[in-house]
Amino acid sequence: MPGLRLKGEVTAMARIELRAFGPLMKIFSHRGWPFPLHVEIAPGDTPGALLKRLEIPEEQVEVVFVNGRVEKMSHLLQDGDRVAFVPPGIPSIHRVMLGFYGKKA
Amino acid sequence: MSKFLRVNMTTGEVKFEEVPEKYLTLGGRGLTSQLVLEEVPPTCDPLGPYNKLVIAPGLLSGTNAPSSGRLSVGGKSPLTGGIKEANAGGITSQKLASLGIKAIILEGKPAGSDWYLLKVTPDGAELLPANDLAGKGTYEVTAICRERYGQKVGVITIGPAGEMLMLAAGVTNNDGEGNSSRYAGRGGLGAVMGSKKIKAIVVDSPATFDVPVKEPERFKAAARKFAQILQSHPVTGQGLPNYGTNVLMNIINEAGTLPTRNFRFGRFDKAAEVSGEKLAEVAVARGGKATHACHPGCVMRCSNVYPMPDGKVCAPIEYETAWSFGPNLEIGDLDVIARLNYICNDVGLDTIETGCTLGVLMEAGVIPFGDGEAAVKALEEVAKGTPLGRIIGSGSANAGRVYGVTRVPAVKGQGIPAYDPRACKGNGVTYATTPMGADHTAGYAVTANILKVGGYVDPLKPESQVELSRNLQIATAFIDSTGLCLFVAFAVLDNPEGMPTIVELLNARYGLALTVDDALNLGKQVLKVEREFNLKAGFTSADDRLPEFFSLEELPPHNTVFDVKEEELDQVFNF
Numbered sequence: 015m016p017g018l019r020l021k022g023e024v025t026a027m028a029r030i031e032l033r034a035f036g037p038l039m040k041i042f043s044h045r046g047w048p049f050p051l052h053v054e055i056a057p058g059d060t061p062g063a064l065l066k067r068l069e070i071p072e073e074q075v076e077v078v079f080v081n082g083r084v085e086k087m088s089h090l091l092q093d094g095d096r097v098a099f100v101p102p103g104i105p106s107i108h109r110v111m112l113g114f115y116g117k118k119a
Numbered sequence: 051m052s053k054f055l056r057v058n059m060t061t062g063e064v065k066f067e068e069v070p071e072k073y074l075t076l077g078g079r080g081l082t083s084q085l086v087l088e089e090v091p092p093t094c095d096p097l098g099p100y101n102k103l104v105i106a107p108g109l110l111s112g113t114n115a116p117s118s119g120r121l122s123v124g125g126k127s128p129l130t131g132g133i134k135e136a137n138a139g140g141i142t143s144q145k146l147a148s149l150g151i152k153a154i155i156l157e158g159k160p161a162g163s164d165w166y167l168l169k170v171t172p173d174g175a176e177l178l179p180a181n182d183l184a185g186k187g188t189y190e191v192t193a194i195c196r197e198r199y200g201q202k203v204g205v206i207t208i209g210p211a212g213e214m215l216m217l218a219a220g221v222t223n224n225d226g227e228g229n230s231s232r233y234a235g236r237g238g239l240g241a242v243m244g245s246k247k248i249k250a251i252v253v254d255s256p257a258t259f260d261v262p263v264k265e266p267e268r269f270k271a272a273a274r275k276f277a278q279i280l281q282s283h284p285v286t287g288q289g290l291p292n293y294g295t296n297v298l299m300n301i302i303n304e305a306g307t308l309p310t311r312n313f314r315f316g317r318f319d320k321a322a323e324v325s326g327e328k329l330a331e332v333a334v335a336r337g338g339k340a341t342h343a344c345h346p347g348c349v350m351r352c353s354n355v356y357p358m359p360d361g362k363v364c365a366p367i368e369y370e371t372a373w374s375f376g377p378n379l380e381i382g383d384l385d386v387i388a389r390l391n392y393i394c395n396d397v398g399l400d401t402i403e404t405g406c407t408l409g410v411l412m413e414a415g416v417i418p419f420g421d422g423e424a425a426v427k428a429l430e431e432v433a434k435g436t437p438l439g440r441i442i443g444s445g446s447a448n449a450g451r452v453y454g455v456t457r458v459p460a461v462k463g464q465g466i467p468a469y470d471p472r473a474c475k476g477n478g479v480t481y482a483t484t485p486m487g488a489d490h491t492a493g494y495a496v497t498a499n500i501l502k503v504g505g506y507v508d509p510l511k512p513e514s515q516v517e518l519s520r521n522l523q524i525a526t527a528f529i530d531s532t533g534l535c536l537f538v539a540f541a542v543l544d545n546p547e548g549m550p551t552i553v554e555l556l557n558a559r560y561g562l563a564l565t566v567d568d569a570l571n572l573g574k575q576v577l578k579v580e581r582e583f584n585l586k587a588g589f590t591s592a593d594d595r596l597p598e599f600f601s602l603e604e605l606p607p608h609n610t611v612f613d614v615k616e617e618e619l620d621q622v623f624n625f
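Line by line, the protein sequences are chains A and B. Residue numbering for the first sequence follows the working numbering, starting at 15 and increasing by one per position. Residue numbering for the second sequence follows the working numbering, starting at 51 and increasing by one per position.
Each statement offered as a hint is correct.
Covered stretches of chain B (chain A as the covering partner; in silico rule of three or more C-beta atoms under 8 angstroms from a C-beta of chain A): (1) 293 to 302; (2) 467 to 477; (3) 508 to 517.
Hints listed in this document are in silico derivations from the structure and should not be mistaken for laboratory results. None of the values given here were measured: they were computed from a predicted structure. Heads up, the beta-carbon is just placed ideally off N, CA and C, and yes, glycines get one too.
All chains should be built: construct the whole structure from the sequences, respecting the hints.
Structure representation (structure tokens):
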């Protein structure tokens, strides 16, 4: 898969660290990906672009965390970012408190 | 006809009373808090004869509205010194409602040392001697009562911690399988029940969903619509049924707001080991269940059944418990968490408070951080009533005083749960200001349109957090009065038809003409009542503050402190 490098391979490219939770974790295990997965990024890459490239179905993702904050899918990724996809249906007040609402675009 | 069951433990009198009209549209938390304000002197000793324990099903409990079987337990809290409503699942709420009982009011205090059991059946209620149950854990008491009075009875009980009047003791009742694990845990109400010398309340009702409904067809249509709303929302239709509340572990860790090592860090490197995903995997592999309903008719089924290595079953392990015994203590082993959880259920302690207390003991160096076996050994002291056991049972604030620890995560004497207020500041506002003492469910219900917060509030910044917390607390107080599980909130409030459907259920059940605004006013009224009790009990704005270390020590990874201004905190109840 283009843009995908497993941990430990030598590369000079910018990379992010990717996690996913709930049912999305099964995608990692089915595809034999390590957890977290290190993914190369190109300039201008966003979480939305990453989803497409990694063939993770968009409808299975509600929000994305970048470095511990909920960000838009159009957020520009940087080298070394910690990225995590969150599935729909996470309970609790944190849907609001952490900004699941109003940060989806 | 709905009635109050009033039990005077000073005289031994047990009587049914007609419910005065002014209480007819109150239920659950709305009713327990109103009765506590009107009948309990706010300055009384919480463990003395003037305090009362009020147990009330919600307004919709006993109907077939989905997920409506929650039970409210209220009184003056011996832990906080303020008003308390603790909320539980389990099978008893629906049984009480089906018997036409709007509330059980336990009052007075017997002179002797004998223990009693209150038996409630369709034929009436009576106090029976229960010295044979004294000293026993809640699992055994529940098993004995089911053996004695029938396998389908609901058993409300306390463990040895409640008998010994420990301030972190909870009141439990059982699920459909007889696990005595559905706790009205917070605030030490188990000690209030213990002070009345009531070991157990057995509720025997042949019916679960058969309360009289004023307009049955209208109710049926609304209940069906409500079920559809729940099943079509991702939280109530997918998220909770798949992994339960502990799906939050990885998420809160990712957000950097998972209190770790007694609130020193916001992430735990072994969070995944104690997560909901891991729990589901282990539970299923051992023949348990990743999903389970805490009361009949719940469509969310967010509970679980976790078989432990010793053959016993811990059902459920909730997120807040997994946090309190996991990251909070730097323990990354679900089996240890399950064991601590089970011991708490059996001895009768609130798991959140107990986890906070063990964190304080670890902070003090009494037991090492991360040492699960030492934590288990310490917790086993509670049932023995040793000095260490009594300190553990007395809550985090008291343990901090005894051991000279100032990093104590507590507000109004009650331990702060599973979300660090420095990286999720709206929660900090709720912890500081709720009349309940630090409580994760006090401000739980949400929505952009009902809340009118209009979009995104940065969790790391102080702006708009007060308004957010206020609106959340109001909506929560309303839902807690209906008997609906708080988890319906997301489905209800994200769907424009949600709140109107709950109001429609209430109107059809009672023949009322409430509006959505009336419902939110009920939420406001509940908070005002609770606040009034606390003011009369001597609380001031100084009690609406977080511990100092949250404003002094930065929390990694976001390196933020709690910085919502004090004068802003004082504006939460300005309605």
